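Letter by letter, the sequence shown follows residues 1 to 331 in my numbering.
No wet-lab data here; the hints were simulated from the structure. Please read these numbers as outputs of a predicted model, since none were measured by experiment. Using N, Cα and C, we set each Cβ at its ideal position, and we do this for glycine too. Be careful, since some hints might not be right.
Stated by the list, open to error - Per label pair, the in silico range of CB-to-CB distance:
no., residue 1, residue 2, range
1, E175, S312, 39 to 45 Å
2, F117, I158, 22 to 28 Å
3, G231, K83, 53 to 59 Å
4, L29, E175, 18 to 24 Å
5, I41, S330, 45 to 51 Å
6, V129, S330, 27 to 33 Å
7, S312, L73, 56 to 62 Å
8, A120, Q251, 22 to 28 Å
9, I311, T168, 47 to 53 Å
10, S180, T269, 33 to 39 Å
11, E266, T168, 51 to 57 Å
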Amino acid sequence: MEEAANRVLAALDQEEIQTVNTNHEYDHLIYQTARIMTEKIGNPRLKMYQAEAESKMVNKHLRKEPADFVIRLASDSFDWGIKPIGEGTHKAKLPYHIRTFDLDIRFENYLEVAPSFHSAEWKLVNRHVKDGWLAIKQSELNRLISGKFKKLILDSSINIPSLPSNLTLQIQRIESELKSKIRSTRPIEITENMVSAFPPCMAQMHSDSVQGKNLSHEARFALAAFLLKIGMTEEEVLSVFQPAPDFGGGQLAKYQVHHIASKGGEGYTPPSCQKMQGNTLCPVYLGAAFDPLCEYILHPLQFYQTRAWEISNDVENRSWYAEKKEKKQSF
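Build out the structure end to end from the sequences listed, making use of the hints.
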């Protein structure tokens, strides 16, 4: 019981999960018990932390396993179609840009997980696909498997039976830690008027971040640069990113935010609307949101300045855009 609770607490602290190997016949139940504890507590952020930590542990262990074992694991567990690209003479005959890859995976299996990864190299448009097969490296298969494992945790729901007293005591221990940890990671409150002036892109990223969702590198940069430019301190910006499962101790995030704030003495400017659209970070461009002001600006800061002025002057009628402003873009 204690080992399972420690496993949950390690995830809560965003630390690496340590494998317990006491050669006891019940060692294999530690993970299942940890999952039951998390489901019983029912805190979405704790579940997100657990999924992230368990996924990282899976990835770490897969790197130690032979390639044929990992392929068989993916095929048997998830019914994924995977095959080696080739070796030696056969591989040498392949196009040059394919030779660095190790495996082919069915594109539909790839798409079960890859869209949750934020880096550009995971986007389907940047991959080699032929006859429904997509080329990947062995390390990428490891990442896909661990990502699938994370998704299974997040999507799962366990019916919790009546629990024994010793397990209940460990759950109470976790809940006590959870209250102090979640309180310490609660972001600085941003005023309602401040959020109301955010453009749709920044509003969505800010909402995702404070809810504990991981953002892509591009999204974090854009949001951090934006928040700094509208007057938030580095500490306040850090608190917005702190709930994320991959925040860890925060040292890397602290360095990155400071770098964004201090570049050239004035700090980085957040990306333009065009750049945000190119990085698929604009919900208006993607059809997921709409604000008429977006058609009359070319930069998130322009949106914020205009909307903040409207709020401070109680201007609710948006018809003045067409009368006073030139349309800059259409959606």
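> Using the C-beta atoms of S180 and T269, is the stated range 33 to 39 Å upheld?
Replying inline: 38 Å, holds
> Between V129 and S330, does the beta-carbon spacing fit 27 to 33 Å?
Replying inline: 32 Å, holds
> Range hint 51 to 57 Å: satisfied by the CB atoms of E266 and T168?
Replying inline: 55 Å, holds
> Is it true that E175 and S312 lie within 39 to 45 Å of each other by Cβ?
Replying inline: 43 Å, holds
> Taking the CB of I41 and the CB of S330, does the distance hold inside 45 to 51 Å?
Replying inline: 48 Å, holds
> Range hint 47 to 53 Å: satisfied by the CB atoms of I311 and T168?
Replying inline: 49 Å Cβ-Cβ, so the 47 to 53 Å window holds.
> Honestly, do F117 and I158 meet the 22 to 28 Å range at C-beta?
Replying inline: Since the Cβ atoms of F117 and I158 sit about 26 Å apart, the hinted range of 22 to 28 Å holds.
> When you take the CB atoms of A120 and Q251, is the distance between them in 22 to 28 Å?
Replying inline: Holds, at about 25 Å.
> That 56 to 62 Å hint for S312 and L73 (C-beta), does it hold up?
Replying inline: Since the Cβ atoms of S312 and L73 sit about 58 Å apart, the hinted range of 56 to 62 Å holds.
> Lying within 18 to 24 Å: is that true of the beta-carbon distance L29 to E175?
Replying inline: 21 Å, holds
>> Just to be sure I understand the hint, the distance between the Cβ atoms of G231 and K83 should be within 53 to 59 Å; is that true here?
In response: 55 Å, holds
In summary, this structure violates none of the numbered hints.
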